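Engineer: The chain contents come next:
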Amino acid sequence: MKNKLKEIASVIRSKNSGPYELTFDIIFKEFDIYNSVKKARSITKEGFAALYNIEIDQIVSLVYFDPAKAVKITIVRPLSSGALGESDVYGAQQHAPLVEWELDY
Amino acid sequence: MEELRVLSPTAILGYGFPMESFEEGMRREPHVIAVDAGSTDPGPHYLGSGKSFTDRNSVKRDLEIMIMAGLEAAIPVIIGSAGGSGGAPHLELTFEIIKEIAKEKSLSFKLALIQSEQDKEVIKEKLKRGEIEPLPPAKELTQQDIEDSIRVVAQMGEEPFIEALNQGADVILAGRSYDPSVFAALAIKEGFDRGLAMHMGKILECAAIAALPGSGSDSMFGYLRRDSFILEPLAKERKCTTLSVAAHTLYEKSNPYHLPGPGGAIDLHQSTFTQINERQVEVKGSRFIPTDNYFVKLEGVKRVGYRTVSCAAVKDPIMISQIDSIVESVRKRVQDNFEAYGIREFFLDFKVYGKNGVMSMFEGVEERVGHELLIIIEAVADSQEHADTICGFARSTMLHFGYEGRISTAGNLAFPFSPSDFKVGEVFEFNLYHLMKVDDPTTLFPINYITFNKGK
Chain A
1 MKNKLKEIAS
11 VIRSKNSGPY
21 ELTFDIIFKE
31 FDIYNSVKKA
41 RSITKEGFAA
51 LYNIEIDQIV
61 SLVYFDPAKA
71 VKITIVRPLS
81 SGALGESDVY
91 GAQQHAPLVE
101 WELDY
Chain B
1001 MEELRVLSPT
1011 AILGYGFPME
1021 SFEEGMRREP
1031 HVIAVDAGST
1041 DPGPHYLGSG
1051 KSFTDRNSVK
1061 RDLEIMIMAG
1071 LEAAIPVIIG
1081 SAGGSGGAPH
1091 LELTFEIIKE
1101 IAKEKSLSFK
1111 LALIQSEQDK
1121 EVIKEKLKRG
1131 EIEPLPPAKE
1141 LTQQDIEDSI
1151 RVVAQMGEEP
1161 FIEALNQGAD
1171 VILAGRSYDP
1181 SVFAALAIKE
1191 GFDRGLAMHM
1201 GKILECAAIA
1211 ALPGSGSDSM
1221 FGYLRRDSFI
1231 LEPLAKERKC
1241 TTLSVAAHTL
1251 YEKSNPYHLP
1261 GPGGAIDLHQ
1271 STFTQINERQ
1281 VEVKGSRFIP
1291 TDNYFVKLEG
1301 VKRVGYRTVS
1311 CAAVKDPIMI
1321 SQIDSIVESV
1331 RKRVQDNFEA
1341 YGIREFFLDF
1351 KVYGKNGVMS
1361 MFEGVEERVG
1371 HELLIIIEAV
1381 ADSQEHADTI
1391 CGFARSTMLH
1401 FGYEGRISTA
1411 GNLAFPFSPS
1421 DFKVGEVFEF
1431 NLYHLMKVDD
1441 PTTLFPINYI
1451 TFNKGK
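Residue numbers (this note's numbering), protein chains in the order written: chain A, 1 to 105; chain B, 1001 to 1456.
What the hints contain is simulated information worked out from the structure, not anything from laboratory work.
It is possible that some hints are incorrect.
What the hints assert, rightly or not - DEER-style ranges, computed between Cβ atoms:
1) A:G85 <-> B:D1439: 18 to 28 Å
2) B:F1415 <-> A:L51: 30 to 40 Å
3) A:Y64 <-> B:A1410: 26 to 36 Å
4) A:V63 <-> B:T1291: 39 to 49 Å
5) A:K45 <-> B:T1451: 52 to 62 Å
6) B:G1425 <-> A:L51: 29 to 39 Å
Stated by the list, open to error - Below, a list of computed lysine-lysine pairs in the BS3-like style, where the Cα atoms sit at most 27 Å apart:
7) A:K15 <-> B:K1297
8) B:K1105 <-> B:K1120
9) B:K1302 <-> A:K15
10) A:K15 <-> B:K1351
11) A:K15 <-> A:K4
12) B:K1302 <-> B:K1110
13) B:K1351 <-> B:K1437
14) B:K1355 <-> A:K6
15) B:K1284 <-> A:K29
16) A:K15 <-> B:K1128
17) B:K1124 <-> B:K1332
18) B:K1302 <-> B:K1120
19) A:K29 <-> B:K1236
20) A:K38 <-> A:K2
21) B:K1239 <-> A:K6
22) B:K1099 <-> A:K15
23) B:K1284 <-> B:K1236
24) B:K1297 <-> B:K1120
25) B:K1239 <-> A:K15
26) B:K1315 <-> A:K38
27) A:K4 <-> B:K1355
28) A:K15 <-> B:K1355
29) B:K1423 <-> B:K1332
30) B:K1103 <-> B:K1120
31) A:K45 <-> B:K1139
32) A:K39 <-> A:K6
33) A:K29 <-> B:K1239
34) B:K1437 <-> B:K1128
35) A:K29 <-> A:K2
36) B:K1302 <-> B:K1239
Here the structure is a predicted model, which is why all the values come from computation and not from measurement.
All C-beta atoms in this analysis are idealised placements derived from N, C-alpha and C, irrespective of residue type, glycine included.
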């Protein structure tokens, strides 16, 4: 199957996790879809790093969280929250590329 | 005691809650009313400036209801991370509000004030002894960082709250607190499991955000038992589902299975979420794993200057097509103009909305350009006057800049406001986000007791 995340996820969001990290949550609509995505390992550090144009070592963790049928990705914030050059103090609008991300699963 | 009940009226003190939800909560006879008042989310400004990110009247409204209800039911009311950031001025702001309420309502009670602002000399000494480590990705701490900090707070665990409860405090107002501690302190004092108490606190601190539909300004109720806890939203139109609770476990955390805090971490690997009826979820299996040494988290900010901003929009398609080179030319012109005059140390930024403005921290992720742009010109300099100068000059230069192919020769920018420039004031950055080892979880957090007698 091939689908954009917006078609198979009910929640796609980003937020600070403290001032030095950004965390992304993808909560799938159905357990079946989540399980397929998990089995196919469609969401990887490599894929995420390419999507956000960052180095893989900037990804702190990528966790498949079964109880919420969710994938959580946490990265090093490119700059600390509110530092000079900031454009999103809460980090709440950094999820946009995920919405259109096409997954093979 | 086989069940300990906790009422969480709202996600952040001052965000409000419906009276009906609160009264539903009081009807369930809670043993404690607790609320978290803080966050680092609004950025470094508030810790640095000593101001609160919540509105005074909104905070007073929430506090008045909670304190009156708590005193009437003879149960403690606990407030953590006072004033948003939990520094001494933030604690003082909230203390003033409580004094007002006590006076206006002629209340009699014992208040505990727990400080969390830290003496920089103590931190320097700790650093010398190698008892401070960075919380990655923050860097190793230096003596200079501590010196540069305007204000440093430490996040307290449940221990100072337990101490205040043991001393018979009716209301506890605390500085920076690990959010779950505020909700878990009474339960841990009464011998309930620390892992379950902390996990329940972790969910209650956001009140009804973990419900469906979620809300940061509505109440949640927690029933802690010996081997489980149950969550129930108090507004009839909301419910807790296994998914809404599990999904909330992800919120604002780095890793959903491992939630570190003072003295250890909550481990969720064995946690189960069960729907016990339409609106309630039961959680079992969460454990607290203590660390060998007790660490508290430090948060500190330094001042980096003063800011002035100007907002201006662009509609001309020729200008939009060249916006990157125009920005660079204006930037260079500003630098050249003040080089000899002596204003050399400043930060000048052009936030171009409509051209990857929101996600500018990630380069090259967005190719699309809007048909109109909003440019926020930002100057940060060593004084407000210099920031005004740099921002104003950048704005006027951009307004009349003669770029290649320009045919609209009257002006390049559409200003939505007059005046066009805004003084923002002091600018801060986080510069301390480290773990500090302590021998005793209470010594960094001194407690004062104040007894009110009919408001005095």
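Engineer: Each hint should be assessed against the structure and marked as holding or not.
Structural biologist: Verification of the hints:
1. A:G85 <-> B:D1439: 18 to 28 Å: violated (40 Å)
2. B:F1415 <-> A:L51: 30 to 40 Å: Cβ of F1415 of chain B to Cβ of L51 of chain A: about 36 Å, so the range 30 to 40 Å holds.
3. A:Y64 <-> B:A1410: 26 to 36 Å: The hint (26 to 36 Å, Cβ to Cβ) is violated, given that Y64 of chain A and A1410 of chain B are roughly 58 Å apart.
4. A:V63 <-> B:T1291: 39 to 49 Å: Distance hint for V63 of chain A, T1291 of chain B is violated at roughly 21 Å.
5. A:K45 <-> B:T1451: 52 to 62 Å: holds (57 Å)
6. B:G1425 <-> A:L51: 29 to 39 Å: Since G1425 of chain B and L51 of chain A have Cβ atoms about 37 Å apart, the given range 29 to 39 Å holds.
7. A:K15 <-> B:K1297: Holds - the C-alpha atoms of K1297 of chain B and K15 of chain A are around 20 Å apart, at most 27 Å.
8. B:K1105 <-> B:K1120: Not OK: K1105 of chain B and K1120 of chain B at ~39 Å, beyond 27 Å, violated.
9. B:K1302 <-> A:K15: holds (23 Å)
10. A:K15 <-> B:K1351: Cα-Cα ~20 Å, so holds.
11. A:K15 <-> A:K4: Holds: K15 of chain A and K4 of chain A sit about 21 Å apart, inside 27 Å.
12. B:K1302 <-> B:K1110: Judged against 27 Å, a Cα distance of about 36 Å means the pair is violated.
13. B:K1351 <-> B:K1437: violated (41 Å)
14. B:K1355 <-> A:K6: Distance ~23 Å between K1355 of chain B and K6 of chain A Cα, so the pair holds.
15. B:K1284 <-> A:K29: holds (25 Å)
16. A:K15 <-> B:K1128: violated (35 Å)
17. B:K1124 <-> B:K1332: violated (41 Å)
18. B:K1302 <-> B:K1120: Since the Cα atoms of K1302 of chain B and K1120 of chain B sit roughly 13 Å apart, the hinted pair holds (cutoff 27 Å).
19. A:K29 <-> B:K1236: holds (25 Å)
20. A:K38 <-> A:K2: With a Cα-Cα distance of about 14 Å, the restraint between K38 of chain A and K2 of chain A holds, given a limit of 27 Å.
21. B:K1239 <-> A:K6: OK: K1239 of chain B and K6 of chain A at ~25 Å, within 27 Å.
22. B:K1099 <-> A:K15: Violated, at about 36 Å.
23. B:K1284 <-> B:K1236: Holds. K1284 of chain B to K1236 of chain B sits at ~25 Å (cutoff 27 Å).
24. B:K1297 <-> B:K1120: Between K1297 of chain B and K1120 of chain B the Cα gap is close to 14 Å, so the pair holds against 27 Å.
25. B:K1239 <-> A:K15: holds (24 Å)
26. B:K1315 <-> A:K38: violated (46 Å)
27. A:K4 <-> B:K1355: holds (23 Å)
28. A:K15 <-> B:K1355: Holds - the C-alpha atoms of K1355 of chain B and K15 of chain A are around 22 Å apart, at most 27 Å.
29. B:K1423 <-> B:K1332: holds (23 Å)
30. B:K1103 <-> B:K1120: violated (35 Å)
31. A:K45 <-> B:K1139: Holds, at roughly 23 Å.
32. A:K39 <-> A:K6: holds (19 Å)
33. A:K29 <-> B:K1239: holds (18 Å)
34. B:K1437 <-> B:K1128: Within the cut-off at roughly 12 Å; holds.
35. A:K29 <-> A:K2: It holds: about 15 Å lies between the C-alpha atoms, which stays within 27 Å.
36. B:K1302 <-> B:K1239: Measuring from Cα to Cα gives roughly 43 Å; hence the hint is violated.
Violated hints, in rising order: 1, 3, 4, 8, 12, 13, 16, 17, 22, 26, 30, 36; the structure is consistent with all others.
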